[in-house]
Amino acid sequence: MAGTADPLGRRLRACAAGVVVAFALLGVRVVQVQALNGDVYARRAVAQSLHRSDVPADRGSIFDRNGRDLALTVRRSTVYADPTYVLDPAGTAEALAPVLGVDRQFLLGQLSDRRFRFRYLARTVSDEAQTAVRALKLPGIGFVEEPDRSYPAGPLAASILGRVGGDPPASAVGIEGLYHDLLAGAPGRIEVEVDPGGKEIPGTRRVAIPARRGSDIVLTLDEDVQWQAEHSLVDQVTATGAAGGTAMVVDLRDGDVLAMASVRGVGGRGATAGPYDRNGALADLYEPGSTMKVVTLSWALQYGRVGPQTVFEVPDQYTVPGAEKPYQDAEPHATERWTTTDILRESSNVGTIKIAQRLTNAEMGAAQRAFGLGRRSAITWPGQSNGLLTDPDEYYATGRFSAAIGYGAAVSAAQMLGVFATVANGGVSRPLHLREATVDPDGRRTVDAVPEGNRVVSRDTARTMTTMLRRVVGAGTGACAAIPGYAVAGKTGTTKKQVDGVYTSRKIVSFIGYAPATRPRFATIVVVDSPADPHLTGGVVAAPVWSEIMRFVLTRAGVAPDDPADGQFAAARQRSAAKGVGCEVPHGPALERLLAARVPARPRVANRPAAAERPASLGRVPSPTR
Amino acid sequence: MSATARVALAPSRPESRHLRVVGDPVARRRVVVLPIVVVVVSAFLLVGFWAALAQSAVSLDSLERTRDTEQLRYQRLREEVARLASPAAVTAAARRLGMEPAVRSEFIAVPRAAPRPAPADAAPVSLATDRYLRAKQALGRDR
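First to last, the sequence lines map onto chains H and D.
For the first sequence, the residue numbers in numbering that gives the first Met the number 0 are 0 to 625.
For the second sequence, the residue numbers in numbering that gives the first Met the number 0 are 0 to 142.
Extracted from the complex, chain D is given alone in its bound form (with noise of 0.2 angstroms):
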C-alpha cells in the first residue's frame, strides 16, 4: 500500500491543531516552587541546626573552661586556706601582732548563782569565787 493511499484511509483529525489544552499555571508553579522552598528551607535548616549545634558546643567548651578555671581556683583557695590556717601559720601570724604563749591557764570556776555583795563582816569567799570575782575585776579592768 502507497504512502497516498495510507493518508486516505486515516480518520479525518479536528483543525485546531495549534491549539492545546493547557495546566492551571499556578498549580505548575506550585509544584516548581515547592520543592525549591522545601529544598531552600531544609537548607537554611540544616545550616541554622549546624550553627546552632557549633555555638552550643563552643558554650560546652566555654563553660567546661570555666568549670575546670573554678576548680583550678577552689583547690587553690582551698590550699591557701589550709595553709594559712596551719598552727605553724597561726603562730607565726600571732607572734607578728606581739602575741606570746601564755605563762598559766587560768581556770574559773563560775558559782551557781551570781554573787552577791558580801558583807563587810563575811567569812573570805572561797578560793574558787575568789578567781571568778578576780577575774571579772580584770574583765572589767581591760574594757
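Next comes chain H alone, as it looks inside the complex (with noise of 0.2 angstroms):
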C-alpha cells in the first residue's frame, strides 16, 4: 500500500539526519575553534598553562684602580608572607619582629592583610636573620633571592659612587646613576607550566630570554687614598667645627683622579662622609682668593709684565684709582719692597694688585680662561657646574684687581685642581678623568682615551712657579703643608663667604699643591667651609690635611724623596713654631680631647672692621685673602 510507510525507516532517517546536522554543527565548531579563532585560544591556552617570570639582571660592578670592589651586586634572601597560611599573625609577628629588626605593627599589618597571597616583610636580610627565622618554622613564611647593591667598604666614596637598590630604593645618583644603563644589563624572561592552582609543573621551566649582566665600571680611584682623604678631612672639619670639606687627589702623568672626598660637618658635633648626592668637588662653586693669584702671577710672568726678582713696594693697604674703599692684606705690616717671590710667599693682595695693574683686564679674563676656568672640568658628572667669572668688559675700576686675588670668579675645586696641575705639569693642562675603564659581560675591557691636555703658559713660566711656590711652603703662609722628605710647591687661599650675595664673616680657606715640587707626580686641593673660628685660616686648616693626604700618596706611590734632608720641611716648621701654629690633624683621642675642651666659637671679631664688615656683591669688592 503506498500511503503507509515504514514509520521505523522513518525515525531512523530523521535520526540520522540529525546526528548528521548535529555532527555538522560541531565540524563548523571545530573549524571556527581550530582553524579560524585558533590563534586566538592557542594564546589562551598558553596563558593559563604557562607563567612567566622576569629574572632581573646583575648589576655590574664598580672597581677602583687597583681591582678592589667598591660596589657589587650579592644576591640575598627577601623574607615574605602567604597571609592565608599564617595562622596566628600576632604571635608570628610578635616572633618575627625581633629577628628581621622590623616594627612588629607593620608586621602584623602585612601578616593580617589577606587580600593579597603574597607581601613582604623585611627585603634582602642577612644569612643570619633568615636562618634565624627558618629556625622558626612558621607557617606562611618563605624566602625568595633578590639582587640586593652592596658597598663593602661602607660610606667610603659615596659622594662618587652614589647610592641605588635598598628598601625603600634609593634614587640613583653618582657614578650608579651616571651610568645606569650600563651598569643595570638586561634583564631575561623564565616561563613555566603551572597547574589549575597555580603551582609549577616540575620539569618545564624554561629560559626563554637569558638576562644579560651589566658592565663592570672601573674609576680612577685608589680606595686607600680615597680612605685616607676622606679620614684626613673628617676629623679636621670635625676638629674645626666646620660645615663641610672637599678634597681632591690627582695624578699628574694622566689626569687620574685618585680621590675625592666630600665631607659634611654635622652641627659642630663631628662631620661625615658624603652626602650621597652631592659631589663637592665637581658640584660646588667657591670663590678661590689666593689661589688665584697663581694664575695672575703666572700671566704676568708668562708675558714679561714681572720677573720672579721684580721689586715692588707693598703696603699694607691700597686704594686703587676709582675704588671707594682699599684693598688690604691679611695681616697689618709695615710698606715693604717685596719681590715677586716675596708677594706670593706673603700672599699679599696689595702686592698682586700691583701686579695685576700692569695686566689689561683683557689679559686678567684670558689668563682665567686659559687656565680652564669657566668651562666644566673633563670629568664626565652630573650637575657640574661652568662656574661663573666676571666679564671684563663689565670689570669697571676694581673688577681686575678682585679677580687677581681671587674675587669675583666662582670655581669649584676640580678647576682650582687643574689650575695647580697646569704648573706641574710644564705649562701644559692635564684634563682630569674619573672613569678609567668599561667591562663588559664578556669580560672585553675598553679603556677610556685619556683627553688630551694644551699648553696654557711656557715651561719656563711654571718652571718660576714652582720655584716661587716651593717658597710659600717652605718660608710662607703654607708652613704646614711641608711634607718630610719632599720639596712641596702650594699656595694657601682664605676668601670671606658669602651668603645670599653678602660677604660674611665666615671662611672658606684652602690649599692646593703638589710634590715632588722637583719631579710633580700629584696634586691635590682641600678646601674647608667655614671653620668655627672665622680667624682660622688655609695655611692653618687646609693645609695640614694637604699634608697629611700627600704623605700617604707619596709614600703608597713610592715615589721617591726630593728633599732627603728634610731643608724645605726643617724651615718650615721653624716658621710654624714661630707662628704658633700646630700642623697635625688630630685623629683618635687627640680628637676626642680636643672636643671635649671644645668652647664655643669665639664670637666674630673683625681684626679689619673696614674689611670685615664690607657687604659686596660678586666681582666688586675686595676682602682680605690670604
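Think of the hints as simulated: they come from the structure by calculation, not from any bench.
There's no promise every hint is true.
Just a few of them, taken from the derived set where beta-carbon distance is under 10 angstroms, the chain H residues facing chain D [stated by the list, open to error]: (1) Arg67; (2) Leu69; (3) Glu144; (4) Ser149; (5) Gly153; (6) Gln225; (7) Gln227; (8) Ile482.
Which chain D residues stay away from chain H? Per the calculated CB distances, all over 12 angstroms, these [to be verified]: (9) His17; (10) Leu18; (11) Val21; (12) Leu33; (13) Val38; (14) Leu71; (15) Gln74; (16) Arg75; (17) Ala81; (18) Leu83; (19) Ala87; (20) Leu96; (21) Val102; (22) Ile107.
Remember, it's a predicted structure, so these values are computed and weren't measured experimentally.
Heads up, the beta-carbon is just placed ideally off N, CA and C, and yes, glycines get one too.
With the hints as a guide, bring the two chains together.
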C-alpha cells in the first residue's frame, strides 16, 4: 500500500539526519575553534598554563683602579608571607620582629592582610636573619632571592658612587646614576608551566630570554687614597667645627683622579663623609681667594710684565684709582719692598694688585679662561657647573684687581686643581678623568681615552712658578703643608664666604699644591668650608690636611723623596713654631680630647672692621685673602 | 539441474580430506615472537630512555642548583673579602692589634755599594749613609 510508509525507517532517517546536522555543527565549531580562532585559543591556553616571570639582571660592579670592589651585587633572601596560611598573625609578628629588626605593628599589618597571598616582610636580609627565621618554622612564611647592592667599604666614596637599591629604593645618583644604563644590564625571562592551582609543574621551567649582566666600571680612584682623604678631612672638619670640606687628589702623569672626598659637618658635633648625592669637588662653587694669584702671576710672568725678582713697594693697604675702599693685606705690616716671589710667599693682596696693574682687563680674563676656569672640567658628571667668571668688560674700576686675588669668580675645586696641575705639568693642562675603563659581560675591557692637554704657559714660566710656590711652603703661609723628605709647591687661600650675595665673617679656606716639586707626580686640593673660628686660615686648616693626604699618597706610590735632607720641612716647621701654629690634624684620642675641651666659638671679631663688614656683590669688592 | 546431478558431475577429490600441509612451526613462532620481542624491547628502551632523560634532568637541576649555590657563595665571599680589605676594616684591625699610625716616614738612601767600615779618623759619613746605618742597626736590634 503506497500510503503506509515504514515508520521505523522514517525515524531512522530522521535520527540520521539529526546526527549529521549535529556533527556538521560540531564540525563547523571545530573549524571555527581550531582554524579560524585557533591562534586566540592557543594564546589563551598558553596564558593559562604558562607562568612567565622576569629574571633581574645582575648589576655590574664598580671597581677602583686596583680592581677592588667599591660596589657589587649580591643575592640575598627576602622574607615574605602568604597571609592565607598564617594561623596566628599576632604571634608570628611577635616572633619575627626582633629577628628581622622590623616594627611589630608593620608585620602584623602585613600578616593580617588576607586580600593578597604575597606580602613583603623584610627585603634582602642577612644570612643570620634568614637562618633564624627558618628555625622558627612559621607557617605561611617564605623566602625569595633578590639582588642587593652592596658597598663593602661602607660610606667610602659615597658622594662619587651614589647609591641605588635598598628599601625603600634609593634614587640612582653619582656613578650609579650616571652610568645606570651601562651597569643595569638587560633583565631576562623564564617561563614555567603551572597547574590549575597555579603551582609549578616540575621540569617545565625554561629560559625564554637569558638575563644579560650589566657592564663593570673601573674608576681611577684608589680606595686607600680615598679613605685617607676622607679620614683626614672628616677629622679636620670635626676639629674645626666646619660646615664641610672637599679634597681631591690627581695623578699628574695622566690626570687620573685618585680621590675625591666630600665631607659634611654635623653642627659642630662631628663630620661625616657624604652626602651621597653631592660631590662637592665638582658641584660646589666657591671664590678661590689667594690660590687665584697663581693665575695672575703666571700670566704676568708669561708676558714678561714681571720677573720673580721684580721689586714692588707694598704697603698693607692700597686704594686703586676709582675704588671707594682700599684693598688690604690679611695682616698689617709696614710698607715693604717685596719681590714677586715675596708677594706670593706672603700672599699679599696689595702686591698682587700691583702686579695685576701691569695686565689689562682682557689679559686678566684671558688668563682665567686659559687655565680652564669658566668651563666644566673634563670629568663627566651630572650637575657640574661651568663656574662663574666676571666678564672683563664689566670689571669697571676694581674687577680686574678683585679677580687677581680670587674674588669675583666662582670656581669648583676640580677647576682650581686643574690650574695647579697645569703649572705642575710644565705649563700644559692636564684634563682630569674619573672613569678608567668599562668591562662588558663577556670580559672585554674598553679603556677610556685620556684627554689631551694643551699648553697654557711656557715651561719656563711653570718652572719659575714652581720655584716661587716652594717658597710659599718653605717660608710662607703654607708652612703646614710641608712633608718630610719631599719638596712641596703650593698656595693657601682664605676667602670670605658669600651668603645671599653678602660677604659674611665665615671663611672658605683652602690649600692647593703638588709634590715632589722637582718632579711633580701628584696634585691635591683641600677646601674647608666655614671653620667655626673665623680667624682660621687656609694655612692652618687646609694645609695640614693636604700634608697628611700627600704624605700618604707619596709613600704609597713609592715616590723617591727629592728633599731627603728635609731642608724645606725643617724651615717650614720653624716658621710654624714661630707663629705658634700646630700643623697636625687631630685624630682619635687627640680629637676626642679637643672636642671634650671645646668651648663655644669665639664671637665674631673683625680684625679689620673696614674689610670685615664690607657688604659686597660678586666681583666688585676686594676682601682680605691669604 | 538437480543437486544430485551436480554432485555427479563434480571431479572426484582425494580422500585425504582431514590432512593438510602445515608451515614450519619454528618460523611461525618466530613471526609471532619477534614482534612481541621488538615491542617489549622497544618499550623497555623507551622507558629506559625516559628514565635516563629524567635522571639527566635531575642531574642538570642538581648541577644548576650547585652552580647557583657556588655563585652565591662566590658573591658572598667576594663581598666579605672586599669588606675585610677595606681601609677602614684594616685600620680597625691594626688598632686592635695595638698598632699606631707612624709619626713620620724614614727614608733611607741606600749607598751604591755596601759601606765599608770607616777608619776611626775618617770624615763623618753623609747624612744618607748615616741614616742607612742607623736603620740597619735598628733592624738588627729588633731581631
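Hints and how they fare:
no., hint, in the structure
1, Arg67, "holds, 6 angstroms"
2, Leu69, "holds, 8 angstroms"
3, Glu144, "holds, 8 angstroms"
4, Ser149, "holds, 5 angstroms"
5, Gly153, "holds, 6 angstroms"
6, Gln225, "holds, 8 angstroms"
7, Gln227, "holds, 7 angstroms"
8, Ile482, "holds, 9 angstroms"
9, His17, "holds, 47 angstroms"
10, Leu18, "holds, 50 angstroms"
11, Val21, "holds, 48 angstroms"
12, Leu33, "holds, 36 angstroms"
13, Val38, "holds, 27 angstroms"
14, Leu71, "violated, 6 angstroms"
15, Gln74, "violated, 5 angstroms"
16, Arg75, "violated, 6 angstroms"
17, Ala81, "violated, 3 angstroms"
18, Leu83, "violated, 8 angstroms"
19, Ala87, "violated, 6 angstroms"
20, Leu96, "holds, 15 angstroms"
21, Val102, "violated, 10 angstroms"
22, Ile107, "violated, 9 angstroms"
In this structure, the hints that do not hold are numbers 14, 15, 16, 17, 18, 19, 21 and 22, in rising order.
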